[in-house]
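Enquirer: Position chain B against the provided structure of chain A, taking the given hints into account.
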Amino acid sequence: MGSTNVSRNPTTVPDADFRAVTRGVRAALGPAVHIQDAPATLEQLARADDPPRTARVRPLEGATFITRSVRGRPEPGFVAFLDGVQQSRVVTYVDGAPIVHGTAGAAVRERRDRRMRTWHHRVEHRVYAPRQHLPAEIWDRLAPFAPVDSSAPEGDDAPSSRHPFSTLERAVHLVQRHREELEQRLAERWCDHESRPLLVDGGISGSERVARARCVVGVVKSHRTLYAVDDEIGVVLRLGPAERTSVFLIEPKKRAPVASWYLRLRDASGREPTFGLVRVEVARDPSEDLTARADQVSRWLLAEGAPLALPDARWDRMAYGIRDSEEFLRAIT
Amino acid sequence: MSSPLGRVVATERRPNTPHEFHFWTALDSPVGIGTIVRVEGAQPVENQLPQIYGIVVEGFSYTDLQSPLHDVLGHDGSPAAASLAPTERAEIRLYTAAVLRQIPEEPLQPVPMGQVFLATDEDVAVALRMDGYLKEGSRTGIPIGIYRAGGTDAPIYLDADFLLGPEAAHLNITGVSGLATKTSAVEWLLQSIFTHFPPQKGSVAAVCFNVKGPDLCFLDQPGSIDERDRALYEKLGVPPKPFERTQYFAPYHSKGHALNTLRSNDALAHNLNPLTWGLHEVLQYAEVLLNKDDIDAKADALIDFIARNVVGQDFADQILSRPHRVQSFADLEAWFRDLLRGMEAKNAESWRTHHVATIRKVRNRLSNISTRCAGLVTDDGAVSDLPFGTFEDRTVYVIDVAGLEEDAQDLVFARVITKLREALEKRELGVNHVVVFVDELNKYAPNDGQDTYVRKMLLDIAERGRYLGLVLFGAQQFRSQVHRRVVGNAGSALYGRMDADELATPGYAVLSPATRTKLATLEKGQLMVRHPHFTQPVFVRFPRPAIMRGRDGAERFPQAATPTLDQAILRSLRALDSSVTLQWVQDTIGIHEEQAIIRARNATIRSRPSDVKSFFRSQLPALVVPAAARPRPAGVAIRGTPFDDPYGNE
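As you go down the protein sequences, you meet chains A and B in turn.
Here our numbering is used: the first residue of the first sequence is 1, the next is one more, and so on.
Here our numbering is used: the first residue of the second sequence is 1, the next is one more, and so on.
So here's chain A without its partners, still in its complex pose (with noise of 0.2 Å):
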């Protein structure tokens, strides 16, 4: 496994960063092989995203989706932030077909005296190739990098096709697996070895661990999906500063469950309507009083507003503990 600091994992690449492979995999196709020279990440070139919808909840707080102000003062309350990076890139065509580099890392960094530190952190790197668009004798010659079949269907997903953007797009998608998944192995050694709140950057319910544990809190900054249907939609986005929705419950099909509420952090007067808005997901806990967690953990969210995450576009919604952790991985991939 080309990783830092992490377990073994039979599916990545030894000491196989991006430079690496593409010396290995010069080698191994031979000079005849065209290697991409300092390619563009695939995550600059495009991104797929889902189309915006929305979907219906059912509340937990009350009967009604209404706008509730959080209740107390902002007061720092989470001691660790977990956020994860991903990269890929085309080390090479092999006849219309791409070979793609992954690096997927995450990283746990712990808040200390108003400093921060690395509690943990994992950084691995595979290979991705379209096993049914490539000659076998390619593929074999690809052993050592232990590729992962970016050809290969994905639960009930059709197979890729073998136009090199589906090929591509799939890479993409199997490296974001891969974060998601060094992302939640994180997650749950903090839920081992910790009760401390800690701050996921994204939703929890990947991980039944996770999803249940009190001490993690997840935080979503986009809203392709929202989950509020007609008025509830105006509830959500006139939310005003330090005003929270009520608590609902989010039920993914392959997830588990989790409570969830919108919250507004900054004032978005004049702003796009989504400005300081984020998601909040935490474990659903039916012997809880909601109310009073929901206004805790909001609480604990306002008083990340400041050191402001500037430059990060996304500032206005990510915690600086958040950027701080992004940055740290961006260092070291």
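Hints listed in this document are in silico derivations from the structure and should not be mistaken for laboratory results.
Warning: the hint list may mix true and false statements.
Said to hold, decoys possible - Derived Cβ-Cβ restraints for the label pairs, each shown as a range: (1) B/72 with A/58: 42 to 52 Å; (2) A/43 with B/84: 55 to 65 Å; (3) A/252 with B/72: 47 to 57 Å.
As the list claims (entries may be wrong) - What the simulated footprint calls covered on chain A by chain B, stretch by stretch (three residues with Cβ under 8 Å from a Cβ of chain B suffice, anywhere in the stretch; the number is not a length): (4) 101-115; (5) 298-306.
Where a beta carbon is used, it is the ideal one built from N, C-alpha and C, also for glycine.
Expert: Showing chain B alone in chain A's frame:
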């Protein structure tokens, strides 16, 4: 091995070079401006892992903040709110270090990436190339102070061969006035030299000119030092004691009763000597006392004639009314008077090619020297001088000229230094090396203004002294105002706290802004040292001299009140013979003239006879012996009137 405290970094915009590199540290690392560090390279060069030694010359600190405005906005414009933020921004301490030494020294390459360690004592010695002169058996190190950083207390040594010659020599020290850094540093360094100067290099003495206040007046008296200073003395191997052998010299006050020095307390009289010169001594240095207008070629020729043919020998000429033997200024005045009278009588415009106007001018200029230099120059030609020829090893000779007029100070500098140089050239001084300490160099060797004899002489020492063993330790407040060749020839330089205006002058442009800032804020007892072996200046801490400070000395040993004539004679003679009493002095000097008494006193001091009382008495001129009045001769009767006098009595 200690743990690393930093890592070398380099970017395309800020690359490392063979002479400079950059590294970052943790926020709480003990690194600061002046810290010496060691870099361990990871890639061998010619089968040797490179080690680079550097000294921190600049430091940077910044966060991931892109614009200060972001911080303002983040805390709603309230600085107080910033302290409530749960997280401190990511912050870096980035340092720039100047390379002191690379091992291997060839090939000279840019500093590689690697771990950075705080330099140990051994590292400091290697980094500053001190290992070359601290070898057992050929050790020539003179401790100058302690380099201190992050728990490292490393002694810093100067190389005696480069401090006192012959390789290089001279030391210049700069610093603002009032912090006692300059004087203290020189006192400490002299103590260090006297302790550590290698015996195989010969003997060494120091001549210090005390030009102001009581700074150098109590070098033989113990001063108070604290435990930290004691620890420094111990670490540097110098005993915390005052100078064991000192000799003081001072001219008299203008009246001639007492010596013109703040060290006039009776308790300190045992090593205090008068400094007086006569006509012969002064005439050799007349150039010092005469300005450029005075010493044109004609005047110079006449002065030379007088020095060669008139002074100290019988001189007769038909124009003179009598033969003259000129020994003193008084004799010279009589000679001039006789000469001019003779020329007037003969209506002569010139004598021996010297025009009467030149003669009058030289008379005028020379005759007032004894007035301008009263106390130093004696009318009677009496000489009391430094012991040229019998200088003693590890002895400090202090010449107190603080009470003299500027002209007289110049005369003292010129003559003493010239005599030292002459004696060293002939190897007749008594010691092999002499350190001459001159404060206020910007006054005596200024960068601008007219060329003076003293400046020429200081330039001569700076440029030639190291071959002779004549070493100049100069001090001044403004280095930029001292002649470039004087400071430029100083192999070693010390800098105490500096004035910001001075630091802004071009001479300091080679220092980084951070180093200049540190210089402007140096504590008392800290110095920046430049030395030929050090490729970069180093900051050191030196102990307070174990010597009574001038101010303390002036309080502890108050200056004796201006004595009456008999008190002055008593004080002088009692130093030679403790049985001398005031009553004896008063009885002895009786009604003698004051000048005669002073001459007798001076002669006694010069001769230091075994029988002081008899000798002093013998020096007084004999008084006229009283004799009985002769009887008035009896009156002669007036002859009577002739009897036939027609006008006689009736």
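Enquirer: Tell me, which hint numbers fail for this structure?
Expert: 2, 3
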